[in-house]
Structures are given as structure tokens and as C-alpha cells.
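*Asks:* Chain residues, written in single-letter form:
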Amino acid sequence: MSEGIGAAVKRKEDKRFITGRGKYTDDIRMENQAYGAFVRSPHAHAEIRGIDATAALAMEGVIAVHTGPELKEDGIGDIITGWAIHSKDGNPMNVGAWNPMATARVRHVGEPVAIVIAESQALARLAAEAVEVDYEELPAVAAATRALEDGAPLLHDNVPGNLIFDWEIGDEAAADAGLAGAAHITELDIVNNRLAPNAIEPRSAIAVYNDIDDHYTLYTTSQNPHVARLVLSAFYNVAPEHKLRVIAPDVGGGFGSKIYIYPEEITCLWASMKTGRSVKWTSDRSEAFMTDAHARDHVTKARMGFDADGKIVGLKVNTVANIGAYASLFATATPTYLYGTLLSGQYDITNVYCDVKAVHTNTVPVDAYRGAGRPEATFVMERLMETAAREMGMDPAELRRRNFITEFPHQTPVIMTYDSGDFHALLEKGQAAADVAGFAARKAEAASRGKLRGIGYSCYIEACGIAPSKAVGSLGAGVGLWESAEVRVNPVGTIEILTGSHAHGQGHETTFAQVVSDRFGLPMDNITIVHGDTDKVQMGMGTYGSRSGAVGMNAIVKAMDKVEAKVKKIAAHTLEASEDDIVIEDGEVKVAGTDKKMAWHEVGLAAYTAHNLPDGMEPGLKEGAFYDPTNFTFPSGTYICEVEVDPETGVVEIVQFTAADDFGTVINPMIVEGQVHGGVTQGIGQALLENVVYDEDGQLITGSYMDYCMPRADDVPSYVLEHSTTVAPSNPLGVKGCGEAGAIGSPPAVINAITDAIGNNNLTMPATPQKVWAAIQEVGLPQAAE
Amino acid sequence: MYAVNYHKPASIEDAVAAIGGADEAKILAGGQTLLPTMKQHLAAPSDVIDIRGIGGMTDIAVRGDTVTIGAAATHAAVAGSNEVGSVCPALAALAAGIGDPAVRHMGTIGGSIANNDPAADYPAGLLALGATIVTNNREIAADEFFTGMFTTALEDGEIITAINVSAPGKAAYAKFRNPASRYAMVGVFVAKTGDGARVAVTGAGEDGVFRHDGLEQALGTNWSPDAVDAVAVSADGLMSDIHASADYRAHLIKVMAKRAVAAAG
Ligand SMILES: Cc1cc2nc3c(=O)[nH]c(=O)nc-3n(C[C@H](O)[C@H](O)[C@H](O)COP(=O)(O)OP(=O)(O)OC[C@H]3O[C@@H](n4cnc5c(N)ncnc54)[C@H](O)[C@@H]3O)c2cc1C
Chain E
1 MSEGIGAAVK RKEDKRFITG RGKYTDDIRM ENQAYGAFVR SPHAHAEIRG
51 IDATAALAME GVIAVHTGPE LKEDGIGDII TGWAIHSKDG NPMNVGAWNP
101 MATARVRHVG EPVAIVIAES QALARLAAEA VEVDYEELPA VAAATRALED
151 GAPLLHDNVP GNLIFDWEIG DEAAADAGLA GAAHITELDI VNNRLAPNAI
201 EPRSAIAVYN DIDDHYTLYT TSQNPHVARL VLSAFYNVAP EHKLRVIAPD
251 VGGGFGSKIY IYPEEITCLW ASMKTGRSVK WTSDRSEAFM TDAHARDHVT
301 KARMGFDADG KIVGLKVNTV ANIGAYASLF ATATPTYLYG TLLSGQYDIT
351 NVYCDVKAVH TNTVPVDAYR GAGRPEATFV MERLMETAAR EMGMDPAELR
401 RRNFITEFPH QTPVIMTYDS GDFHALLEKG QAAADVAGFA ARKAEAASRG
451 KLRGIGYSCY IEACGIAPSK AVGSLGAGVG LWESAEVRVN PVGTIEILTG
501 SHAHGQGHET TFAQVVSDRF GLPMDNITIV HGDTDKVQMG MGTYGSRSGA
551 VGMNAIVKAM DKVEAKVKKI AAHTLEASED DIVIEDGEVK VAGTDKKMAW
601 HEVGLAAYTA HNLPDGMEPG LKEGAFYDPT NFTFPSGTYI CEVEVDPETG
651 VVEIVQFTAA DDFGTVINPM IVEGQVHGGV TQGIGQALLE NVVYDEDGQL
701 ITGSYMDYCM PRADDVPSYV LEHSTTVAPS NPLGVKGCGE AGAIGSPPAV
751 INAITDAIGN NNLTMPATPQ KVWAAIQEVG LPQAAE
Chain G
1 MYAVNYHKPA SIEDAVAAIG GADEAKILAG GQTLLPTMKQ HLAAPSDVID
51 IRGIGGMTDI AVRGDTVTIG AAATHAAVAG SNEVGSVCPA LAALAAGIGD
101 PAVRHMGTIG GSIANNDPAA DYPAGLLALG ATIVTNNREI AADEFFTGMF
151 TTALEDGEII TAINVSAPGK AAYAKFRNPA SRYAMVGVFV AKTGDGARVA
201 VTGAGEDGVF RHDGLEQALG TNWSPDAVDA VAVSADGLMS DIHASADYRA
251 HLIKVMAKRA VAAAG
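These protein sequence lines map, in sequence, to chains E and G. Residues 1 to 786 (the UniProt record's numbering) make up the first sequence, in order. Residues 1 to 265 (the UniProt record's numbering) make up the second sequence, in order.
Worth flagging that the hints you see were computed from the coordinates, not collected in a lab.
Stretch by stretch, here's where chain G covers chain E in the computed footprint (C-beta under 8 Å, at least three residues): (1) 694 to 707; (2) 769 to 779.
Pairs of lysine to any residue, SDA-like flavour, derived with a Cα cap of 25 Å: (3) G:K39 - E:A288; (4) G:K39 - E:Q33; (5) G:K39 - E:S286; (6) E:K771 - G:R182; (7) E:K771 - G:D247; (8) G:K39 - E:R125.
By construction, the Cβ of each residue, glycine as well, lies at the ideal position given by its N, Cα and C atoms.
My request is simple: use the sequences and hints to build the entire structure.
*Replies:* Below, the structure is given as C-alpha cells:
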């Protein structure tokens, strides 16, 4: 089967992307199109005393200037957060109100205050500069730990102490007891650095209001157009769902940042109605740094206790999570149910406790980004394990082995029921591929060149699919997290798959078609994937949390089950055979053990001509399904990083990076490799290069690529990739998901390797040359290099 | 970007006339610095005078031991020039390490030194090599040209036409790149010339590129990497930012100086 499951089929979509013929939101032009530009706060915290748009309105070609209070008066709702979290005292969380455009106060640099609509983009931007806003500056706070201090500036009247919630998971008394009896305790202070998502295509929106039908269309850079429509209708009151169409055409990367429905999109829709013009807005890179949801930003204290044999006897984690000025859509779920629930790692631990304080600060909202909560959890676990092994004088791989979970299903003390995995096999594969046995020789050779060589592990487990709906509902989710699909077999036998998943780089047009090709034995060329348009696709929850495979593809499988059943009925009727004897193979529908058969397209035609269908059967061959999984899926893996540090400068070179992953069934190994490459590279970016810096007053210091360092091709090695597969038992395809694993697993492996090389464990991310050099100065050069 | 008048004169005279006739003129070369600042509304000239069409502006020629580089020669042209390579390969190598290929094919030597970014590479090279900057009015020694961060000895409207560089005995440039921007976080250009060692440091000084006396003296007596060890490099007057403290920059100056001397041989 050259195009089915497991084949490294080239990506169908790449022809248009590589030749520059993708169609992104900003490529679309509407008749009657005007341009929006936002007036944004230069202050991190200020009262708005007044807005004077006279000069802007006087400019020729300026159509309108609108402000927050007008939008509110028209009934446009505040932006919501999608998960209701409760504090450990039982109280519901406190979140500050988020107006799409500020009404009275601004709380982060870049917050929109007004929109200018003009005949050209350049003019709109010039006019935005001419809008005069009278601010009264207020004291600001950017660091979450500082925002919790007495006397810190307060952001929202209804959020005392800036504390959104103080949440816990696990049993504190049990964790304390475990630690009290420990033979060894490893303690770490950990900062998980703040990141900016940096999708290559900045956000963009075109809002088209049609007053004849009182209907809105929004073209936008979304990972989940149906969710956008739902939220815009049900909460932001832009228009009821049947009068609002959301189209997410080609989208150039998201990494989570395009899940959310931002102020700009809402405002453009409303402004289109106000002005009677199509309103287009496209973010530039500077706006993206100031307004796209940031990521991570945790400060954590973690203690892990071990008995004399190296068995973990207790884990206690206290985390302060920066949520930013407002709580974005998944902001409250990310540092709780996507974080605390993974703090058992790959290990059999009875006593785990985690407390998370979520905090408002004068920074842009922080939300889910590739991995979302799971990279933070993995960093805590894997830094602790490596550190503990060093402290106890054990081989870090051996310490992990002694604690691995080996039987499934396994119930952790923090909600999750792991259903599959083989952690020993992954570690072995990783070690063999990384030639761990030869490390000592490589280290000695590096020392002869004056380089410090180090090795570090990370054995991660994560939860993907973000489902089932019932479970997430009980944890506070505002929506269900199923997926929907429709399989349309045309009268000529070709197939259209309508999916609620959304591709923005993942290659769904290829992998989804492979799954269908595999099932019916049809060439991929006969199958197209339709996504990203609420008028075409029945329903959907979109793409994030590595859920397109684990949930989206399985919805297609369910719909194919229904198609197959009907195909068999039609064939049995036509071929005068029993339904049970019908098999579908290589594009033919056959009676097993005979030469009686129909071509696939003949069945399609029969279904639509309906001249000779079984009595009572409806014509047509088109089936839909909703799939709601029974569990999360649990990808896992061992990552091994080897670095060489230049002791004179602190420069780190990643000389080898090995990833051994268990993603369950692999549909297209080439695409999976690409996902791992991208994920690991983002993880290396976090570990070595990327860092969002706000100064104490909440001014964004890293507002461009002059200061925010993205990984480049020459920052990363050629990766060594391995697989060791256990099939996911919770879904028919057996897939687990691979989109986030690389970003989840890699940062601790990198930091473990550097700290091994330099002999100082006191190192925070990003491990810039300056920090690594300072860490070397702190302890002096390790023996071997002197 | 605000609306702006664009001129592309074919001679220095026409360029001078265009500059004189404008409310606020800016010379435009590769545009790698000027255009981004105009897009961000940080600069708003009424007229831009593109000097790349002026005869001779992109020529590179050798006379005796001196190479003359036209002010509008791109970094890529300098990096690939046999003439520059024959007189001072270290300068060609410096040009090859600026920015990325797109920047190197647009950005020019004249634009780079007129801008005198404190993290730019060319200022270190030209200062260490004791180059001469030729303008439409006069010749300026590099020692007089670079007067501070983003400032030079150029008068308003004065046009750099060429740069003269004479062959050093030995020379090399060692650049420690800022991880994000890949400009120099510390760049040290060392040259062994007739009148001793010249060492210029870019990327580090609060006042832009500067010569380092201590290193020059040490290398003047003993041109070897080891000579650098004994030199004290002070952090006073060095920049501190999120990428590097003044202390770290001071340390890197020594490391880069050693590596440059080692590379120069
Ligand atoms: C992404 C990026 C990376 C970069 N990396 C580096 C790097 O690593 N190292 C480095 O050194 N530089 C770097 N640069 C800067 C680059 O080298 C530019 O070439 C330089 O900043 C300006 O040259 P230009 O020809 O583009 O000048 P322009 O932008 O056209 O002009 C710059 C200034 O010089 C003036 N000017 C230009 N030509 C003349 C002249 N002949 N006479 C008088 N005044 C003149 C202009 O009026 C303007 O004020 C980088 C730039 C970018 C965009």
C-alpha cells in the first residue's frame, strides 16, 4: 500500500505553498475594502482620561474612528476565558474583565484603545498616530511573583492581590509525609521562561458585513473557525451563528497562538457593521510581539524525595503562573489541568502534590503554546530527576529506570490514567541511537580541543487529544472536545472529507487522505480534504493539543464505518450476496471467494441513481460522525542531548540530539519527523535562545528580532530520530499525537546536558552564552578542561 | 511610511543639487537601515537621494598597496572582491560575516559607516586599518571619522564616495555575534601596521567603536595571542543590555582579541 497508513507520502499541499500560491487571509481582497489600524497603549498601566480623534478624522481618506465605550454600548461582550478553575478553598476564580477595546483603563503595552478605519493601510496607520489619548499613568507590575507581594499595583478591582486562583492537585499531607521519610531530597528553584509564539504568518482578519442579509463573514488566521464562530456569537454578541460565517483559509503556523479570538478580530467585525465597509487588519511583527498570547512564564519551587534505593517517595511543587493582564481562552487550564496532571511523569509515584497560583500582571495575556503546561511539567520532572541522580551519585538513566511505570493502565495520583507505553524500550532505543556508551570517549576528545562536553536526558510523557468531553467538562471546560467529520462519496466515486480539524502547517490534506486511501484502497488523488469554513464543514473544535490525529482522524474513521456499512449493503443487494461476504479492497467491492465485484465508483453511482437500492434505503452516500474519545492519549519518549560548551565564551553547541518517541500508530513517518524536528527546534529555542523580557514598568524590551532570538537552522544539529511504538488503546487508529512532543521533551535534555558539561546546576533558561559563562565562573572550570 | 520624493541622480553634482533643493533630504544607499526606520516612522525625510546610480560609486580598484572601495559597494561585492582580497583579506572576511545574504546584497559599506551603528562590523575594520574616508568635499581619516554612537564627522548632506584601505602587515577580525540580531556583541579587529598594532573594538562601547590602548601596546611589543593575557580590559564605558553585561563584554574583548591575533598569524 504505497499511499496508505505508514507511507511517507509527499505532502499534497506543498506544491501550492512552495510555489507561493497559498492563499492566506492577507492575500484576500474584498470589494469595498477599507483598512483598520489600532491605536494602542504605550503604557503598561494607565487610566484613559480622554480620546481626541479630531485630527485623525480630518485626514482625507479616514472613514471612522471608534473606541471601546462605543463597542460596549453596542452590546459587544467581554472576552472570555474557557475554563472555570476553583481555588483550593472551593471559591471560584477571580478574573478581570477584558473589554475588546479598553473602556477606561489599559493594562498592558499594546492594548487596543481605538480603531481607525481608512481607505488604505498606510493611511489608517498614520491616522492612528494622530489620535490623541490622554493617559494618566499608574504603577505597573510585570513579574508574577512581584504582583503577589503586598502593596503591588492592583490590576482589577475584583481580583484582590492580583490572585486569580490558588489551585491544588494531589494530596499535600501524603506528599509531605513521603518527603519526611525520604533518604534524599532534591530541591530546585525553576523559572520557565516566557516565550512569544512567532508564527510565520502574523494574525490577520477581514470582516465583511452584508446589510441586506444582516450577515457577517470573517476571514481570519484561526486554528478553529467553528470555535471562533461559537464564541463570537454566544459571548461577544457579534451575530447569531447562522448569520456569521468564519473562514480560516491557508494559515501560516499557529502553535496555539491562533486558537484564541482576539480583540482585533471582534472589533473588525463590529466596525464593518458600523462603517458598512469590509474592514481588513493585518498585524505587523511588532504588533504580534505586543499582542499575540505569550507562553510559559512559571516560577516554581519543587522538592522530590527518594528512598535509599532511589525510589521516588514524594513530590511537592509550588508554582506561580503569570496569566498576564487578562485571562485568555485556555489561560486558566494551561497551568492547571495541562500541567499539574503531568507531574507524575513516566514514574510510579504515590505522593504528588502541586499548588499553582495564577496571577494577573501588566503584560500581554499568556496562554497555550506548543505543549501548553506539559513542557513546564516535563521541565520540573526531568530537571529534578537528573539533579537527583547527580546528587545521589547515580547514573541518571538508572535512576529513571528504577522509577518507570511498567504496567498499564496506570492511575497516577494526579487524575491521569496512562493507558499505554514502554518507557524502558524508549530509553534503550534512545541510548543505543545516541551511543551513550561512547560518550566518555567523545568527552575526552572534546576536552583535547578545549571544549566541555555534556550529556542530558529527558524522559517525557504528555497527554494529547484533550478529551473526553465529559472529563474536561467536569474539570471546568466550557466546551466539549470531540471532533466531527463528514465523508462524502460522490457519484463518480471520488471522496471529499469535511473535517473540523484545521491545518496550519501540519499536512492534514495528506495524512487525512492517507487514512481514507488506506481504508478503501483508493488513490489519494481521488480524495480531497475540506476544512476551515463554517459554511462548508458541519462542525468542529479545531486543531491544538496534538488532537487532529487522535481525535480528528478518528472522527473520519467513524464516518467511514458508516459509509462502509452502506456500501456493503448496496453491493450485497446488487451482487445478490450476503452483506457479511462483502469485502472492500483496492478500490473494488467484492464478494469474498468469488469473482463477483463492483468497482468503487459503481457503488457510488448506484447510491445516487437510486435505481436499484435495497428497499427503504435512502439514496446518496454521505455520512457524518462526531467522535468523542474515551481518554487522552499519552505519547512518551526519551530525548538525549549532547552539547559542547566553549568555556572561554559560554557558547553552547548542540552536537547531537536524539529523540526516541512513542506516538502510537504513525500515519506518515515523514510528516511525523517534520513535526519532531519543528518541536525539538522550538524546545531548543526555549532552552538556549528565546526569552520575552519586560522591564519593571511593564515595557516590552524584546519587541523585535533584534532582541528576541528565534532559533535558526545553524543553531540546531541534524536530529537522530527513533520510534518505539505501543498502540493507543483508546482510539480505532491507535494514534497518540506528535505535534507538541518535541517542544515538551527537549528543553530539560538541553539544560541537563549543559549543566553536566559545566559542572554547575545553577542555570536558567534561556542558557545564553553570558549565563553559561557566568555559571562557569561561579564554580570554576571542571577538571578535565583545565 | 510617510510619502517621500525619490531621486536617483547619475552624478555627484545632481545629488548635491537634489539634496540642496529638498526640505529634508536623506541619502539612500542599500536602505537596510534607513527604510526600516522610515517604515516605523522614526525617520521622515521629505526626499531620499539614492546614490547607487552615481558613476563609480560601486567600483573597487587597487592602486599600489591601496584598495579604493566605492561607497555603494555592497557587502557581498566586498566579500567577493579579488581586489579587496589581495590587499586585505580580513576586510573581505568581515564583509562576508555581516547579516544574512539578503542584507549583504543590499547593504553598502558607505551606508554602514555613515550610520555608525555601535554594533556594526565595518567601523572596527576601517578604524583598525587606519582607512581614509573620501567624501564629495574632503578626505577624513578613520580616527577622525567615527565620533560616537550613530554619529560621524560627516556634515549634513556630505556624501561618502569611497573608502581607501592600505594593506596591513597582518590583520584579522573576530566577531562574537549577538545571538538575536547577529550584529557584533563584541567584534575585535586587529591590524599589524607600519606604525604598530591597531586594535578596534565594536559592539561593546557606549560611544561606539573605539581603539584599545592596552591591547595595542601589548601587541605592539609582542604580536601574539599570549600577549593579550596580561592586558586588563576594563568594563568602564562598555554597554550593558539584556544580552551581555559590561563585564561579560570586557571578557569577550580579550577572548576575541586573542582569537583575532591567532587568526592573523
Ligand atoms: C537583518 C539585518 C542584519 C544586519 N546585520 C548586520 C551585521 O551583522 N553587521 C553590520 O555591520 N551591519 C548589519 N546590518 C546593517 C547593514 O550592514 C546595512 O548595510 C547598514 O546598516 C546600512 O547600509 P545601507 O547601505 O543599507 O544604508 P542605508 O540604510 O541606505 O543608509 C543608512 C544611513 O547612511 C546614510 N548613507 C548611506 N550611504 C551614504 C553615503 N554614501 N554617504 C553619506 N551617507 C550615507 C543614509 O542617509 C542613512 O542615514 C544588518 C541589517 C539588517 C537589516
